[in-house]
Amino acid sequence: MSEPNRAFAFVLVLNGVLAISCGQAGEAGVDHEVTSLGSAEVTARLLEIPGEFPPNDLYDYAYVLKYRVEKVHRGKVLGEKILVAHYNPLKPRSSVQDEFSGLVGGNLKKFRTGDVHRMALEMPLDLLWMGGIFDKYFSQRGIRYWAIWTNLVKK
Amino acid sequence: MLGRLFIQTLFLLTFIPVSTVFAESSSNDPRVAQLAKEVRNKGSIMYSARTDSSDWDLFLIRPDGSNRRNITNTPDFHEMGGRFSPDGKRLLYRRLSKALKFHHLKWGVQGQLIIANSDGTDPVPIGDPDEYPWASWSPDGKQIACLEKTGIKIYDLTTKRKIREMGRKGIYQQLFWSPDGELFCGPANQYGEGWGVVRLNVATGAVNSVSDTRSCCTGDWFPDSAHVIYSYRPANQEVLDAGEMAQRAGQKLEHGWTQLWMADKEGKEQRLVYGEDGRHIYGGAISPDGKYVLFTRSHEEDLKVLGSAVDQLGAKKKGAPMALMRLSDAPTIGGESRALRKLHPNTKDGPVLHLPECWEPHWTYAEIAVNK
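Residue numbers (my numbering), protein chains in the order written: chain B, 111 to 265; chain U, 3 to 374.
Keep in mind that the hints were calculated from the coordinates and are not lab data. Wrong hints could be hidden among the right ones.
[What the hints assert, rightly or not] Some chain B residues judged to face chain U by a derived CB distance under 8 Å, without partners named:
(1) Tyr-169
(2) Phe-221
(3) Met-233
(4) Asp-236
(5) Asp-245
(6) Lys-246
(7) Leu-262
[To be verified] Pair by pair, the computed Cβ-Cβ distance ranges are:
(8) U/Thr-152 - B/Leu-200: 24 to 30 Å
(9) U/Thr-152 - B/Glu-209: 15 to 21 Å
(10) U/Gly-245 - B/Glu-158: 26 to 32 Å
(11) U/Asp-54 - B/Gly-252: 49 to 55 Å
(12) U/Asp-291 - B/Gly-161: 40 to 46 Å
(13) U/Asp-291 - B/Lys-219: 36 to 42 Å
Nothing here was measured: the structure is a model prediction, and the numbers come from that model. For glycine and all other residues, C-beta sits at the position ideal for the given N, C-alpha and C.
Turn these sequences into a full structure, and let the hints guide you.
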C-alpha cells in the first residue's frame, strides 16, 4: 500500500473509531450503547406500525411494534418475530429520554415500516416502564421487550 | 294581536325546551343556589391549586366554595395529591421543591410523602424523596399501599415495616384502596390495546377490567366499594361542528373529549356521569355519602387538557375549574355539546356548581377547624 493510501486507510479507520466512541452509530447501527446496554442486542426489521402513534401532548406512553429478528448479536430473544415497546415513538431517539423514562436513546429519527434497527433490549417490561402502553398485539401472548437503544441500520 | 300572541306562544314552545336542554348551569340558576345550600355544611373539600407566588399549595373550602383556606402556605414547595384519611383526621400528599415541576401523570412518584393533620398542621415527612410512591390509605388509616415498578407494597405507618407485597398486574399510577379494604383500583395496561381502569383483589390478586380499555384513567372508589368513578375519552365521536372545536384545541378530530363515567366493580354497567364537548373532564371524586361528585373541567378559553396548554399543570393557571353535581342527576351534559347529546339523548342536565380552579379534589365530611 502506498503512503497516501495508507494515510487514507488510517483516516477511514480513525473516523470509524471516532464515530463509535462519540456515540455516532455507523451504517450497521453499531455504537457503544447498543453493544453494551440491556441483556440482548439484535438487528431486526420493523414489520409494521399498527395504527397511528397518538400525540404526546397529554400522555407519555410506550408503543409495541413487531419485528423480524435478522441477527442476535448478544444475549437471547425468544422467537423469530418479537414485540418491542418503544418509548414515545413520535420523538427522535436522540431526544426521547426524560426524567421518567430511564435510559433510552439511539440515532433513529423516525419509525418506518421495513426499516432495519439495531436495538439493545431488556425485559421484563413491567420493571422498566410504569406508564401507559399501546399494545395492538395484546391478544398475542409472549414477551414485550423494552427498547433501550435503537439505531437505524442503513441499507 | 292574535297573530302576535301566536308567534310569542310558538316562540316560547320552541325556545323553552331547547333552553332547558342546552342551558349551562350558572350562578343565576336557582337550582345551583339550592345545590350550594344543600352541600354547604357537608364537611370540606381539599385540593391543590397554584398560588399567587406560583407554587402549588393545598386548600380547603366548604363544598359550596366558601371559606377558602390555604392549609400549607409553603412558598418554596409545591404540594399535590392531597387525600384525607378515611376518618378525615389526617391527610397525605406529596411535597416537591418549587424549583421542580409537578408532572400531571407522575405526581404520585415525585417529591416526598407527607402526612399531616387535616388542617395542614404538623406535616411529617414519611421516608426520603421518591419513596412510598402513589401512597393510598388503608380503611383504618394505619397502613398505606404504594405502587412501584416491582409491585404493590403495603406498609405499616407506625413502624414503616413492609407488611405485604403483590404484583401490580399492569396498574401503573393512581392506585386507590377501596373503603372496605378488599380491592385496589387504578389504570392498567395488559387488558386491551390501550389502558383502562381495573380492580385488583387484595386477598387473591385476581384482576378484572372495570372500564373500557381505551383511554380510561383516574379511577377512584365510591364509598360503597362497589362502584368506580373514572375518566374516559371515547374516540371518534361524531363531529357536528365541522371540527371547529378540535381545531381550536389543536387536537385531531378523532381524539375525542374526556368524559366522567362510572361503573360497577365487575365492569358490567358503565355509564356517563358528566360530559361536555370541548372540555376534558378529570379528577372525579365522590362525596363520603355517595350522593355528589366532584370533577374538573379544562379551561374554555384554550380548550386544552389541563397540563398541555403551556406546560404540565398549566403554568399560567391555578388548576382546572372544579365542579360539583348530584349523582342522581347523572348523566348530565354541559354546554351545547350537540354530538354528545345525540349519543345520550336522555340526559337530566342537573345543576352544576362551579368551584375554584384546582387539581385532584378530595372530600371529607369530618369537621375541620382551621386556626392557621
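Do the hints match the structure? See the list:
no.: 1; hint: Tyr-169; in the structure: holds, 7 Å
no.: 2; hint: Phe-221; in the structure: violated, 18 Å
no.: 3; hint: Met-233; in the structure: violated, 13 Å
no.: 4; hint: Asp-236; in the structure: holds, 7 Å
no.: 5; hint: Asp-245; in the structure: holds, 6 Å
no.: 6; hint: Lys-246; in the structure: holds, 5 Å
no.: 7; hint: Leu-262; in the structure: violated, 27 Å
no.: 8; hint: U/Thr-152 - B/Leu-200: 24 to 30 Å; in the structure: holds, 29 Å
no.: 9; hint: U/Thr-152 - B/Glu-209: 15 to 21 Å; in the structure: holds, 19 Å
no.: 10; hint: U/Gly-245 - B/Glu-158: 26 to 32 Å; in the structure: holds, 29 Å
no.: 11; hint: U/Asp-54 - B/Gly-252: 49 to 55 Å; in the structure: holds, 53 Å
no.: 12; hint: U/Asp-291 - B/Gly-161: 40 to 46 Å; in the structure: holds, 43 Å
no.: 13; hint: U/Asp-291 - B/Lys-219: 36 to 42 Å; in the structure: violated, 55 Å
Of the numbered hints stated above, those contradicted by the structure are hints 2, 3, 7 and 13, listed in ascending order.
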